[in-house]
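Sequences and hints are given; from them, build the entire structure.
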Amino acid sequence: MSLNSIFQYFVPKDKKFFPLFEQAGSNLIDMAKLLKESVHTSDLQLRKNNSKLLEDLEHKGDNLTHQIHLELGKNFITPFDREDIHALASSLDDVADFIHGASNRMELYKVTEPSEAMKEISSLILEATEHVAKALFELKDLKNIRNITDSCVRINSVENKADYIFDKAVAELFEYEKDAINLIKNKEVLSAMEDATDKCEDVANVLESILVKNA
Amino acid sequence: MSLNSIFQYFVPKDKKFFPLFEQAGSNLIDMAKLLKESVHTSDLQLRKNNSKLLEDLEHKGDNLTHQIHLELGKNFITPFDREDIHALASSLDDVADFIHGASNRMELYKVTEPSEAMKEISSLILEATEHVAKALFELKDLKNIRNITDSCVRINSVENKADYIFDKAVAELFEYEKDAINLIKNKEVLSAMEDATDKCEDVANVLESILVKNA
Amino acid sequence: MSLNSIFQYFVPKDKKFFPLFEQAGSNLIDMAKLLKESVHTSDLQLRKNNSKLLEDLEHKGDNLTHQIHLELGKNFITPFDREDIHALASSLDDVADFIHGASNRMELYKVTEPSEAMKEISSLILEATEHVAKALFELKDLKNIRNITDSCVRINSVENKADYIFDKAVAELFEYEKDAINLIKNKEVLSAMEDATDKCEDVANVLESILVKNA
Numbered sequence: 620m621s622l623n624s625i626f627q628y629f630v631p632k633d634k635k636f637f638p639l640f641e642q643a644g645s646n647l648i649d650m651a652k653l654l655k656e657s658v659h660t661s662d663l664q665l666r667k668n669n670s671k672l673l674e675d676l677e678h679k680g681d682n683l684t685h686q687i688h689l690e691l692g693k694n695f696i697t698p699f700d701r702e703d704i705h706a707l708a709s710s711l712d713d714v715a716d717f718i719h720g721a722s723n724r725m726e727l728y729k730v731t732e733p734s735e736a737m738k739e740i741s742s743l744i745l746e747a748t749e750h751v752a753k754a755l756f757e758l759k760d761l762k763n764i765r766n767i768t769d770s771c772v773r774i775n776s777v778e779n780k781a782d783y784i785f786d787k788a789v790a791e792l793f794e795y796e797k798d799a800i801n802l803i804k805n806k807e808v809l810s811a812m813e814d815a816t817d818k819c820e821d822v823a824n825v826l827e828s829i830l831v832k833n834a
Numbered sequence: 620m621s622l623n624s625i626f627q628y629f630v631p632k633d634k635k636f637f638p639l640f641e642q643a644g645s646n647l648i649d650m651a652k653l654l655k656e657s658v659h660t661s662d663l664q665l666r667k668n669n670s671k672l673l674e675d676l677e678h679k680g681d682n683l684t685h686q687i688h689l690e691l692g693k694n695f696i697t698p699f700d701r702e703d704i705h706a707l708a709s710s711l712d713d714v715a716d717f718i719h720g721a722s723n724r725m726e727l728y729k730v731t732e733p734s735e736a737m738k739e740i741s742s743l744i745l746e747a748t749e750h751v752a753k754a755l756f757e758l759k760d761l762k763n764i765r766n767i768t769d770s771c772v773r774i775n776s777v778e779n780k781a782d783y784i785f786d787k788a789v790a791e792l793f794e795y796e797k798d799a800i801n802l803i804k805n806k807e808v809l810s811a812m813e814d815a816t817d818k819c820e821d822v823a824n825v826l827e828s829i830l831v832k833n834a
Numbered sequence: 620m621s622l623n624s625i626f627q628y629f630v631p632k633d634k635k636f637f638p639l640f641e642q643a644g645s646n647l648i649d650m651a652k653l654l655k656e657s658v659h660t661s662d663l664q665l666r667k668n669n670s671k672l673l674e675d676l677e678h679k680g681d682n683l684t685h686q687i688h689l690e691l692g693k694n695f696i697t698p699f700d701r702e703d704i705h706a707l708a709s710s711l712d713d714v715a716d717f718i719h720g721a722s723n724r725m726e727l728y729k730v731t732e733p734s735e736a737m738k739e740i741s742s743l744i745l746e747a748t749e750h751v752a753k754a755l756f757e758l759k760d761l762k763n764i765r766n767i768t769d770s771c772v773r774i775n776s777v778e779n780k781a782d783y784i785f786d787k788a789v790a791e792l793f794e795y796e797k798d799a800i801n802l803i804k805n806k807e808v809l810s811a812m813e814d815a816t817d818k819c820e821d822v823a824n825v826l827e828s829i830l831v832k833n834a
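Protein chains in written order, with the numbering used here: chain A, 620 to 834; chain B, 620 to 834; chain C, 620 to 834.
It cannot be assumed that every hint is accurate.
The list cannot tell twin chains apart, which means a pair is met if one copy fits it or any two copies do.
Stated by the list, open to error - List of simulated lysine-lysine pairs, DSSO-like, C-alpha gap at most 30 Å:
id: 1; residue 1: K804; residue 2: K762
id: 2; residue 1: K753; residue 2: K780
id: 3; residue 1: K762; residue 2: K671
id: 4; residue 1: K787; residue 2: K679
id: 5; residue 1: K806; residue 2: K634
id: 6; residue 1: K797; residue 2: K671
id: 7; residue 1: K652; residue 2: K635
id: 8; residue 1: K738; residue 2: K635
id: 9; residue 1: K753; residue 2: K729
id: 10; residue 1: K634; residue 2: K797
id: 11; residue 1: K693; residue 2: K667
id: 12; residue 1: K634; residue 2: K804
id: 13; residue 1: K693; residue 2: K729
id: 14; residue 1: K738; residue 2: K804
id: 15; residue 1: K806; residue 2: K635
id: 16; residue 1: K797; residue 2: K693
id: 17; residue 1: K759; residue 2: K667
id: 18; residue 1: K667; residue 2: K832
id: 19; residue 1: K780; residue 2: K635
id: 20; residue 1: K693; residue 2: K671
id: 21; residue 1: K797; residue 2: K635
id: 22; residue 1: K667; residue 2: K679
id: 23; residue 1: K759; residue 2: K738
If you are wondering where the hints come from, they were derived from the structure by calculation, not from laboratory data.
In structure tokens, the structure reads:
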């Protein structure tokens, strides 16, 4: 039983960290929707606009992380262990970085025709961020442990699917893509996308360790 | 002197964490043996089987990490600082990921004829995991500090050798390999292997910081 | 208010950690100067010498990190939270690794004519390390919070510039460089350089979180 578990009976319901985590969760969904749209459209102007919007949302995410760190500095008592709040905020930040990174690479490398694998993984990223946001929303009420665990299991399963699609797509690139520069472009965009689902899994791992400590 | 050092005089010998760390250590040796065999054989079927076995052992490693995290959640008193147990488990997990990753890349990229450098580094990975396992085995009895320090020194020396072979091999690829796609394949397999020895060095760093605190 | 903030009124001025951090800061400036010189010169022998010197300075940095860890093990009371000292030391170590890595890749890949983008980013790395060193120097006297914040803001701005130059240079490589192997070489050297400024930003993030806690 941690110091925080002892304190939590004395402490009024946290009004600082949970709203910030909820906002970070919805922000990830918004980002994943834009990326998915960009990968599925053939409208280059829409894609350009989305890329700009994604940059703005990434800054918004940075600000949320920053605010969580500021609150950590100001509050002696936190709803769960400081190191876990820190780890959770960082892992959410990483998800945002890679979603933005995938869109950015598509723009920079002029990947004008996203592959089937990119389309599939972009849908999986959206799915994963929806589970992440749901788990973050439930976090404020640790009575719904079952729901959080459920979301974590689903995130892991989405990550496994993305992993499988990524491996298959890269193997095919090495088999059929004879233009090395195209191979690099495609591999790096896919890789940023797959990393985004890995980072969702990191979020799930942090959430699970929070559950175990506070159950 | 940490809180744990004070507590350790009152606490019965830990029966939870040490056996898990020992299992994680032997698991790494098993993985390194399979990778070394795959890199040294020309029997493609054996290599395919080993790749499958490596995937299973990586899952086994994941489970051990998971169990260590569960124990961390359940136990208020731990044989050494919680953050160090966490860091040690994560660093062992990283070693497993890169050993599996090296084998996986060989399969996916169809690197049918592993280079001399790959053979040498795969042998060094096995050597490094043997020192890691030895140090983890000694960890339960902090009287053998000398032995643990010794293993850490050896891990560092193995990592230096792998680093040198990697740098030389990559320089040669850029000098002589004119096929860019082959260059990428070889560089990425080598790089996953070299990362595996880097991660063994991370394990050694965690072990050394545990020694310093508890000496 | 952290335990350390309470203790600091009782504790004589720290004589152990601050000097080590100051040395780590000047070491980074020395490294950045050598890298900048290497990227700007056409004297291949000078570049070779600098590469050797950079390796020595990287080892010097490793030793400083190691000493900081040893002090952490020996001292129960630290000038600010142990986890922050650890994070600060690691982030400084990462900056050194990438500065050395950039120089090493130039040597190994025989990038004989560094691009304009490399020259610009190498100058930005020097600028960033100067702000890092300045902030570390001020750290011992937390009265100068304003100066430290100032340095952090400047580090962030330098990182943004490097990011922009990197993205533009990589886009141009994919647009104009038809030789895939040259593309890889240039991209990887640029990428190590850009990572060095990212790592300076990580240092700034750690410094800011220390300020918030101890203000």
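Here is what the structure says about each hint:
1. K804 - K762: Answer is neither; intra-copy 46 Å and inter-copy 49 Å both fail.
2. K753 - K780: Only inside one copy: K753 and K780 sit 20 Å apart there, 36 Å across copies, limit 30 Å.
3. K762 - K671: For K762 and K671, neither the intra-copy (40 Å) nor the inter-copy (40 Å) Cα distance is at most 30 Å.
4. K787 - K679: between (34 Å within a copy, 23 Å between copies)
5. K806 - K634: For K806 and K634, the Cα distance exceeds 30 Å both inside one copy (43 Å) and across copies (46 Å).
6. K797 - K671: Answer is between; shortest inter-copy Cα gap is 28 Å, intra-copy 32 Å.
7. K652 - K635: Close inside one copy (27 Å), not across copies (44 Å); limit 30 Å.
8. K738 - K635: neither (37 Å within a copy, 45 Å between copies)
9. K753 - K729: neither (34 Å within a copy, 40 Å between copies)
10. K634 - K797: Neither: 56 Å inside a chain and 56 Å across chains, both beyond 30 Å.
11. K693 - K667: Neither, since 40 Å and 50 Å both go past 30 Å.
12. K634 - K804: For K634 and K804, neither the intra-copy (44 Å) nor the inter-copy (50 Å) Cα distance is at most 30 Å.
13. K693 - K729: neither (45 Å within a copy, 51 Å between copies)
14. K738 - K804: Intra 15 Å, inter 25 Å, cutoff 30 Å: intra and inter.
15. K806 - K635: Result: close neither inside a copy nor across copies, 40 Å intra and 42 Å inter.
16. K797 - K693: neither (56 Å within a copy, 54 Å between copies)
17. K759 - K667: Neither way: K759 and K667 sit 37 Å apart in one copy and 47 Å across, limit 30 Å.
18. K667 - K832: neither (44 Å within a copy, 41 Å between copies)
19. K780 - K635: Neither. Shortest intra-copy (35 Å) and inter-copy (33 Å) distances fail the 30 Å Cα cut-off.
20. K693 - K671: neither (34 Å within a copy, 46 Å between copies)
21. K797 - K635: neither (53 Å within a copy, 53 Å between copies)
22. K667 - K679: Result: close within a single copy only, 19 Å intra versus 44 Å inter.
23. K759 - K738: neither (34 Å within a copy, 50 Å between copies)
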